[in-house]
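Student: The residues making up each chain are set out below.
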Amino acid sequence: MFTYTLRRLLFAIPTLLVISFVIFALLDLAPSDPTGDLPLTIPPEVREQIRASLGLDQPFLIRYLKWLQQFFINEPLNIFESLTGWQIGDGDRMRVLSWATRSPVVDLIVQRLPQTLWVVGLAYLFGVMIAIPIGVISAYKQYSIFDQIGTFLAMVGYSVPTFFTGVLLIVIFSSYLQWFPSVYDTNLRVTDFQSFVLQVKQMALPVTVLALFNASQITRFVRASMLDNLHQDYVRTARAKGVKEKSVLLIHVLRNSLIPVVTVIALGVPTIFSGAIITEQIFRVNGLGQLLITAVQGADIPLVQTLTFIFAVLIVLFNLIADVLYGILDPRIRYD
Amino acid sequence: MKNLKLLLAGTVAALAATGTAAYAERGTDGDLKILFWQAVSTLNPYLSGGTKEVYSSSMVIEPLARYDEKGELVPMLVTEIPTIENGGVAKDLLSMTWKLKPGVKWSDGTPFTADDVIFTWKYCVAPDGGCAQKAQYEGVTSVEAPDPMTVKITFSEPKPYPYSAFVGAQSPVIQKKQFENCVGAKAPGCTSANFGPIGTGPFTVKEFKPNDVITFEANKNYRDPAKPAFATATLKGGGDAASAARAVLETGEFDYAWNMQVEPEVLATMLKAGKGQLVTSFGTQVERINLNWYNPDPKLGDKRSTKEAGPHPALSDPAVRRALSLAIDRSVIDEAGYGEAGKPTCNIVPAPEAYASTKNDSWCLKQDVDAANKLLDDAGWKKGGDGIRAKNGARLSFLYQTSTNSVRQATQELVKDMWSQIGVDAELRNVSASVFFGGDPASPDTFQKFYADVEMYTNNFDGTDPEKYLAEWLCDKVPSPENGWQGQNIPRYCNPAFDKLVGELSKTADISKREELAKQLNDMLTEEGAHIPLIHRGSVSSHSVKLDGVRMNAWDSELWNVADWSRKK
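Keeping their order, the protein sequence lines are chains A and B.
Mapping the first sequence onto the working numbering, position 70 (from 1) lands on 70, and the numbers just tick up by one.
Mapping the second sequence onto the working numbering, position 309 (from 1) lands on 309, and the numbers just tick up by one.
Hints are computed from structural coordinates only; laboratory data are not their basis.
Some hints here could point you the wrong way.
Said to hold, decoys possible - Chain B residues, not near chain A, derived (Cβ > 12 angstroms throughout):
| # | residue |
| --- | --- |
| 1 | Asp92 |
| 2 | Glu340 |
| 3 | Glu504 |
Said to hold, decoys possible - Heads up, incomplete: computed chain A residues facing chain B, CB under 7 angstroms, no partners named:
| # | residue |
| --- | --- |
| 4 | Asp28 |
| 5 | Gln142 |
| 6 | Ser247 |
Heads up, the beta-carbon is just placed ideally off N, CA and C, and yes, glycines get one too.
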């Protein structure tokens, strides 16, 4: 298992390098320009100087190598320095700078990460917690009314896009009932019970929207996996032995059914970090998804490049985690 | 110097008006909530140049003088506006002297001196800095301080209109102490300074979250002890124009929202809630259709839209250019897309009033389909079987491009329909704004390359003097592969008489003569059909009915007088 993990990790390095090159090349080929949003009163020669100050006058390969150096050497060193307080070299090294804000990209990401983890992460957690019981009951009582309703809701939740459910919830709960705010207050600090309530209130709508979406996806997996196992021989044997139905279901069937579900859940974790771009935009949550979309709109290439690459790293990493988890959970599977 | 007399009168009136609103003490009115639907990326306008950055930073850092809502100069950090009459501008027009207001302090308590002004100039013109406002300092050879309260600017050649450096929201003075180690290539690295500049303005930055929200506090060292009335200000960014309008006009969550680019009828419904109102101010923005004087035929490959491609087969005919303008009903376009935010115009220099010509309004402002048809008939353009006019194999069928934007696409539809009445066909195309205005020489879709017959967008000029703007239509400003497609003469208009007149304008100091020349130049462009001016666009913002003191300004930052804003009791 260990050698397998190590091998996979080593294999990930060239994969990620290729990914980073593809992202960089794609962004470079895209016909957008960081000075495109500036007022036309700024004359062309000044625009040319702005582009030069952003390093755009250098050849493609040099810019790519520079980014590699900044991202893989300078940024980790910087994080190491700020964690330990030690200084390596003169500490004055070029970091990946966003073009729009002219500030280090990593700082922007660090600033945005908590909101995304709270809102999107919590929604994912709730989604899983709702999905598993519904999936189990749906499978156990297949074709019952509960199953039919569950299936229907899952289909609706999966097929109705979040930009619709989000606005729908705003119209009902913010505009009409006025229970929850529609704009996420990013300056709110939780210091006492009252501000905690406010925080819960402003998180309620985006979390609901996303949790519904996540739950409907996972429910289907749980149900299918449960159905597979319910008809297995070992279930009949267990019942024949006189094991209580509750134990049959929750100990034997559920545990076995969760193996593929855990994989699916692990594979879905990177999407938490990439933020729910649309949902964050609707509720003005200042998370990573919103950061990405403003960067794309403003042609802030270093920010887009770094964010997308981090997402790629997470996807590769969680693929590996899913595979390893699979091996741990299911003794029948051995990689070595 | 008629303008400057007006200016003085205006200043007195302005002082009188604000005097009444300023009974409140500093910091008594709580939090001022401002909404910009495009989030602010940095508070250093020298590093960004975007309107949202220029406006938001104007609450903190100030220029020596600003334009007020009438486009007249108001002294901010100086005692008076230098003119030839008061000796502030040298007779040879080669230098000017500003006298700084005594006792002005930076928000950190240190005194504001001429050194800071000199430093600001050095900061922006430093090589490798990529300063976005460099054009403001064009022609400045030196900035000196004969004494700590005097700033002397020397120009490389006579400047008949010298008010550019340190004037207006685009070139505010920054503190030397704070930015001393941030000059040139080091500028972007100074994140904390760029995110929290120390200023002389009514507010200071408390916290800046890039692309999200800014929290301001009243500046304890602001020169007027009674201002600002608000203790804090929050400037939230993001979302879209319609929901920003709703937050002020319908729900009242915010006091002020910038740039209401929303369909007139949507705004009208929101206004019924009675919580807010719209404010409009007209600057120099004109939505125009540029006509390509060169041939953009795709068959010509890389040569298209350049001199080598030769004149446009149809648009080189003055009759066609005139007919295209005559066929357009500007008031319909205005009503459908702009409402309060626009008025029909036939000028490319629509303001200030003294510079706005009325010469062509008689024939141009009114749609006249019959006259247009007659013009084309007389010029020999015959309708074919498909109803489209043609002559010598050239058809009046045009590729009409613009940036992607719902108002522009609606305007395209209307214009296409109007042109169809005179036997002119239009093929509509829209390009994403970041590509269209992006200026990437490798992209075929930029407005500079103009690989189309006609294209539509808005342009304007900073400040109130149109000299530099009118120089954009000089022959040598035509974009071409040689200059990397960077010229500003987008229609490829070239007229030696026009060039000569621009040369004259750049040598004329007398204001009334300048006005006369600018009008002549403007009229030439309209009459000869370099472009078809459509709509004089205003800036529209909205504010809560409870907010007092807003004087909407299209010549400077909209937030130029935020120090005078207060909450109605």
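Student: Confirm or reject each hint.
Tutor: Against the structure, the hints:
{"no.": "1", "hint": "Asp92", "result": "26 angstroms, holds"}
{"no.": "2", "hint": "Glu340", "result": "22 angstroms, holds"}
{"no.": "3", "hint": "Glu504", "result": "22 angstroms, holds"}
{"no.": "4", "hint": "Asp28", "result": "10 angstroms, violated"}
{"no.": "5", "hint": "Gln142", "result": "45 angstroms, violated"}
{"no.": "6", "hint": "Ser247", "result": "52 angstroms, violated"}
Figure legend: structure checked against the earlier numbered hints; hints not met, in rising order: 4, 5 and 6.
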